[in-house]
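Peer 1: Sequence:
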Amino acid sequence: MAWTDEQLEAINHRGKNLLVAAAAGSGKTSVLVERIIKRILDDNIDVDKLLIVTFTRDAASEMKERIYASIQSRLKDSDNPRRLLEQQALLSKAHISTISSFCQYVVKSNFRESGIDSSFRVADDNETLLIKEEVLDDVLEKWYEKKDPHFHNLVETYGGSKTDDNLKSIILNLHSFIQSFPYPFEWLDEQKKILNPKRYKDFGETIWGKEALEYLEITLESLLSEAKRTKAMAEEFGVSGYLDALGIDVEMLGDLCSMCKNASWEEAFEIMNSFSFVRLGRVGKEDDREKAVLIKKRRDTLKKELGKLVSEIFGGSKDAAMKDMELVYKDIRRLVWLVKYFHLKFQNAKKERKIFDFSDMDHIALNILAKKENGRIVPTDVALKLREKFEEIYIDEYQDTNLTQETILQVIARGNNIFHVGDVKQSIYSFRQARPDLFLNKYHEYSVNTEKNKLVRLYKNFRSRRDVVGSVNYIFSRIMNEKTAEMDYVESEYLNYGATYYDDAYNSECELLIIENKDSTKENTYLEAMLIASKIRKLFEDGFMVYDKREKTMRKIQYKDIVILMRSVSEKADIFRQVFASCGIPLYYEGKGGFFASLEISVVLAFLSLIDNPLQDIPLITVLRSPMFEFSDAEISLIRLHKKDCLFYEALLEYAESGYAESLREKINEFLNVLGMLRDKSVISSTAELVWDIVTITGYYTYVGLMEDGGRKQANLRLLFEKAASFDEGSHKGIYRFLNYMENLKKKKGDLSEASAISEGMDVVRIMTIHKSKGLEFPVVFLANTAQEFNTQDVKGRFVRHKTLGIGPSCFDRENMVVYPSVMKEIVERRIIHDNKAEEMRILYVGLTRAREKLIVTGSIKEDCENWFQNIRMKCDFETLSPVNFSILESKSFLEWIAMSLAYHHLNGRKDEKTACNWIIQSYTKDEIEIDKLPDFVASFEKKEEVLEEDVDEKIHEKVSEILGYEYPCQTLSTVPSKVSVTEVKRLMEEDFEDEFDLMNREVSFKELPDFMDEKTKDVSHALKGTLLHACLQQIDFNAVRNIESEEDAKAYVDSLIDNMLKKRFMTEVQAKAIERKLVVLFILSPFAKRIMQADRVEREVPFTIIKKWGELLGKRDEHADENVAVQGIIDCYFEEDGEIVVVDFKSDYIPQKNMMEVVVNRYKIQIDLYKEALEKITGRKVKESYIYLLRYGEIISM
43 MAWTDEQLEA INHRGKNLLV AAAAGSGKTS VLVERIIKRI LDDNIDVDKL LIVTFTRDAA
103 SEMKERIYAS IQSRLKDSDN PRRLLEQQAL LSKAHISTIS SFCQYVVKSN FRESGIDSSF
163 RVADDNETLL IKEEVLDDVL EKWYEKKDPH FHNLVETYGG SKTDDNLKSI ILNLHSFIQS
223 FPYPFEWLDE QKKILNPKRY KDFGETIWGK EALEYLEITL ESLLSEAKRT KAMAEEFGVS
283 GYLDALGIDV EMLGDLCSMC KNASWEEAFE IMNSFSFVRL GRVGKEDDRE KAVLIKKRRD
343 TLKKELGKLV SEIFGGSKDA AMKDMELVYK DIRRLVWLVK YFHLKFQNAK KERKIFDFSD
403 MDHIALNILA KKENGRIVPT DVALKLREKF EEIYIDEYQD TNLTQETILQ VIARGNNIFH
463 VGDVKQSIYS FRQARPDLFL NKYHEYSVNT EKNKLVRLYK NFRSRRDVVG SVNYIFSRIM
523 NEKTAEMDYV ESEYLNYGAT YYDDAYNSEC ELLIIENKDS TKENTYLEAM LIASKIRKLF
583 EDGFMVYDKR EKTMRKIQYK DIVILMRSVS EKADIFRQVF ASCGIPLYYE GKGGFFASLE
643 ISVVLAFLSL IDNPLQDIPL ITVLRSPMFE FSDAEISLIR LHKKDCLFYE ALLEYAESGY
703 AESLREKINE FLNVLGMLRD KSVISSTAEL VWDIVTITGY YTYVGLMEDG GRKQANLRLL
763 FEKAASFDEG SHKGIYRFLN YMENLKKKKG DLSEASAISE GMDVVRIMTI HKSKGLEFPV
823 VFLANTAQEF NTQDVKGRFV RHKTLGIGPS CFDRENMVVY PSVMKEIVER RIIHDNKAEE
883 MRILYVGLTR AREKLIVTGS IKEDCENWFQ NIRMKCDFET LSPVNFSILE SKSFLEWIAM
943 SLAYHHLNGR KDEKTACNWI IQSYTKDEIE IDKLPDFVAS FEKKEEVLEE DVDEKIHEKV
1003 SEILGYEYPC QTLSTVPSKV SVTEVKRLME EDFEDEFDLM NREVSFKELP DFMDEKTKDV
1063 SHALKGTLLH ACLQQIDFNA VRNIESEEDA KAYVDSLIDN MLKKRFMTEV QAKAIERKLV
1123 VLFILSPFAK RIMQADRVER EVPFTIIKKW GELLGKRDEH ADENVAVQGI IDCYFEEDGE
1183 IVVVDFKSDY IPQKNMMEVV VNRYKIQIDL YKEALEKITG RKVKESYIYL LRYGEIISM
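Numbering (our numbering), first residue to last: 43 to 1241.
Hints in this document: simulated from the structure, not taken from any laboratory.
Careful: at least some of the hints might be erroneous.
Said to hold, decoys possible - Simulated restraints on C-beta separations:
no. : residue 1 : residue 2 : range
1   : Y242      : S644      : 58 to 64 Å
2   : L133      : G839      : 46 to 52 Å
3   : D286      : Y242      : 40 to 46 Å
4   : N1166     : S644      : 43 to 49 Å
5   : Y110      : E613      : 40 to 46 Å
6   : K393      : T205      : 27 to 33 Å
7   : F473      : G747      : 33 to 39 Å
8   : K252      : D231      : 18 to 24 Å
9   : K339      : A623      : 42 to 48 Å
10  : D361      : C299      : 35 to 41 Å
11  : A767      : R707      : 52 to 58 Å
12  : E1179     : T205      : 43 to 49 Å
13  : K393      : M859      : 21 to 27 Å
Said to hold, decoys possible - List of simulated lysine-lysine pairs, DSS-like, C-alpha gap at most 30 Å:
no. : residue 1 : residue 2
14  : K816      : K879
15  : K303      : K339
16  : K58       : K91
17  : K252      : K240
18  : K240      : K360
19  : K1115     : K1132
20  : K189      : K372
21  : K339      : K904
For glycine and all other residues, C-beta sits at the position ideal for the given N, C-alpha and C.
Based on the sequences and whatever the hints tell you, model everything.
Peer 2: Below, the structure is given as structure tokens:
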């Protein structure tokens, strides 16, 4: 192979730390392998004296294979074949692995230093997640019992309205986050320290204040540039009426920038708060009105953005930030303590089970290799031995390393023997706490060549055609810079075309295909799928040629040459699959989920349940009906009919003994023999062995392999076997525990991903996420769904955290019972959004650089393409025509970034010769995407399915019509309810029956949460106030109030009653304040209450149900008048006097003073009559008196 000068420098340079910045397609793995071979052969270093760290296990395996193959290829012509054979033999014990595997090696080699049990195993994430949940529940339960006020405040601030799941999530996420730091507890303690408000005189001294003031300065500079561009546009367009105001804007914003530089927090607030814009002025008669509208729109955006700064940065006042710090400080102290306490309990739980997770391995290894002396990290004796052992350390994909891993590798390095290789533009794993800033810091440091450090850039791309390379360069040269993506994509960073084996005469322009769909956005995925399918068909129809790297020649395109990439796929994969199937295009997607839902897995788990306990009907019938034993529904029915009142297993045994169908008896006995054999084996076999016995003895494994998609089904069964084998390695063994583990896993994670059954040679179009595609390449790449907005879920909760800015908490204002984001949280949120945007840009880079020969980008917009592009151009600099940083950072999708980069591409004949950019932009309306060729489920969006009349047999037609036209003979009976409430009866009796009253079809609406659980409820309705009053009356202890005579004593009792109800969470504080206490006081002091207190027996809130005829309730006769209807209700109160009943119903309604008695009797007579009837039936006693007690007026009305 002919190496470039830069590659040779990376291969041959010795005696220094090297950082190899290797762009996409630059052959970094080949360079890495060649350097290792050179070290083995030229420098006589054994391969096991090298430490080679990769990001994934697959990468480690590939690295071993490539080193082995490289040695093998040199054997024939070698002068020293023995040396090469020795190195091949040493490969089996060479240290080529992930960093986690290397840490396991360190731990297992140093048990004495580690202090852990030598029989430990590394658990998978699913197993540790279940333990985490269990431990956290126990921890929180103990803290609830302590009734700690700070913990309670924490729950109020971060818990949910109904459960504490939000708080649990915060604890788990924060705990996972800190594992990426070398010393997690130190990081937590630092958060407590920096949140202490007593340390600062001015908020500008805090880490968040410094960040905010820096952001203010950068934003003001961007807004000043925007003001200058707006003024320049007005001058260019001749909108003279606005020029004076726009000139003042530029001058004032310039002064604002100068004054805010080096200002304190309070000074910056005062400066910003005093700023105001002048009036824009009027458009002259000769000015272009249309252009004036554009100018005004830009200026309005400028004003809006400047106005947001004060509230976003300062929280509305100069001292808001310090007040927020005071408010959250104690909460965060308690949260930090809680996370530490959880960590210790979690570690103990894992130790008891003799398991650890990957982050444990990292930290245990770090503790073996390093120690702290005077605040400095120094190597231990073990680290020094490893330092002596490893001649060189290789770190592949260095941009994805976290801080803990970096510390481990640095502590065993000699200071001049690390070979870092990676590409910071492809750092896309922040969710795994990757630290691209580590790469960037070294990139800047190593740019200055020193005795110990050297930077080597590999930017020649050997993957893609010239048009693809140039088009990618064009886009990122316009949007990627230090302010938008933490690095500058300048000419020295460009991909350089190196794939000279391509024929440059072959046309391979990149395409941007935009769908205009002003209707429902739900159609967009279907439309994009159909557009891509039609493009694929056209590639085949046109005989598109691709270069075959193995054959080193051009050939016609195949389906396996094509990939469809998206930011996220799961919700769209099925749509693409159906559209492609209708177009005859094979498609493969390795999705998330589907494991537990798959038939083959549910059947085997059901069989395991039977082995554990056969007295389970559902698992038993599942197994019998499965292809393992093929019992039909008729056979299942025969078994059940043979013996009805028992468990199905008992019926099965009974039929095996005395059933009349001999063939069925034999079938049952065959099943029972297999089940019995497996139950016997379960005593001595592991769960994994039982799983394999189930699928092999029954032939189930072979059977599913013959089904459609059989390879995947067999892979799922193997995956189940692997999970069972992994579980068997733990201390908790047995079928029951394994089934319980799988059930908990299903509850906690929803579902697991199915096994992959695709091979490299399968001729299918692949659809995958951009993350999955990293490290791969395809001749033809479709980047789809680019209009999808970036995910902002990271900042939507009440608590955020950042690798350098730390914690961003929310505040709980107990006095006003509100939770709001602190100034610190707003600042951290903004930084997270910025960092996420930078990563999204790197994800876009990864997606675009997967293409070798053809790159096609698709996306959907809601307006006319030309108008949309006109608005996009407004986001570009008026002079350079490049997107401005402010607009880049405000963009919400890949499509916006791509479009603003191409906004002026080829416009008026402009073409970027420097990058050899070659983009074609096309737009499509919905009608143009061959709607008539869409499958039914897509075409239904556009038009209703047309039913074609054909000649049909008349008898069949009549029979079908009879079936479809059937009408239920008792249709009117469906309007008679089976039960009604007393309130509904009252409404029935009051209805005008000229129209049919349909109680069954009444619309009912539900709130997501009842008011008493809803934190957002501030206003208490009249209906709820009435309910609260009734609740108070229900809780009154008549013995306790018997001797109360004064209003003051009655009021004190009512206050204590409501306080007690509040403590028991019968109501919220807001609701407690809304109770009209004086009405309860008035009742307690009333003569009628005294009468109740003297009664022989008092009952309150008495539920009842009585049967009434429908005709009685309607008050008229109809065809269903004799139908029985249950009437339900609750009687407020009744009491006994001299063996007879007195019933009373409490009302808090507003009743007109005029004709009060008449109104009350007419309104409630039906209700009271039903109460009287029910009580007489329930108690067998006569109701001598009935009353309505009007709480609001203290009046008692006899009924």
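Peer 1: Now, for every hint given, state plainly whether the structure supports it.
Peer 2: We went through each hint and held it up to the structure:
no.: 1; hint: Y242 to S644: 58 to 64 Å; verdict: holds (59 Å)
no.: 2; hint: L133 to G839: 46 to 52 Å; verdict: holds (48 Å)
no.: 3; hint: D286 to Y242: 40 to 46 Å; verdict: holds (43 Å)
no.: 4; hint: N1166 to S644: 43 to 49 Å; verdict: holds (44 Å)
no.: 5; hint: Y110 to E613: 40 to 46 Å; verdict: holds (42 Å)
no.: 6; hint: K393 to T205: 27 to 33 Å; verdict: holds (30 Å)
no.: 7; hint: F473 to G747: 33 to 39 Å; verdict: holds (36 Å)
no.: 8; hint: K252 to D231: 18 to 24 Å; verdict: holds (21 Å)
no.: 9; hint: K339 to A623: 42 to 48 Å; verdict: holds (46 Å)
no.: 10; hint: D361 to C299: 35 to 41 Å; verdict: violated (24 Å)
no.: 11; hint: A767 to R707: 52 to 58 Å; verdict: violated (37 Å)
no.: 12; hint: E1179 to T205: 43 to 49 Å; verdict: holds (48 Å)
no.: 13; hint: K393 to M859: 21 to 27 Å; verdict: violated (42 Å)
no.: 14; hint: K816 to K879; verdict: holds (19 Å)
no.: 15; hint: K303 to K339; verdict: holds (29 Å)
no.: 16; hint: K58 to K91; verdict: holds (17 Å)
no.: 17; hint: K252 to K240; verdict: holds (17 Å)
no.: 18; hint: K240 to K360; verdict: holds (17 Å)
no.: 19; hint: K1115 to K1132; verdict: holds (27 Å)
no.: 20; hint: K189 to K372; verdict: holds (16 Å)
no.: 21; hint: K339 to K904; verdict: holds (20 Å)
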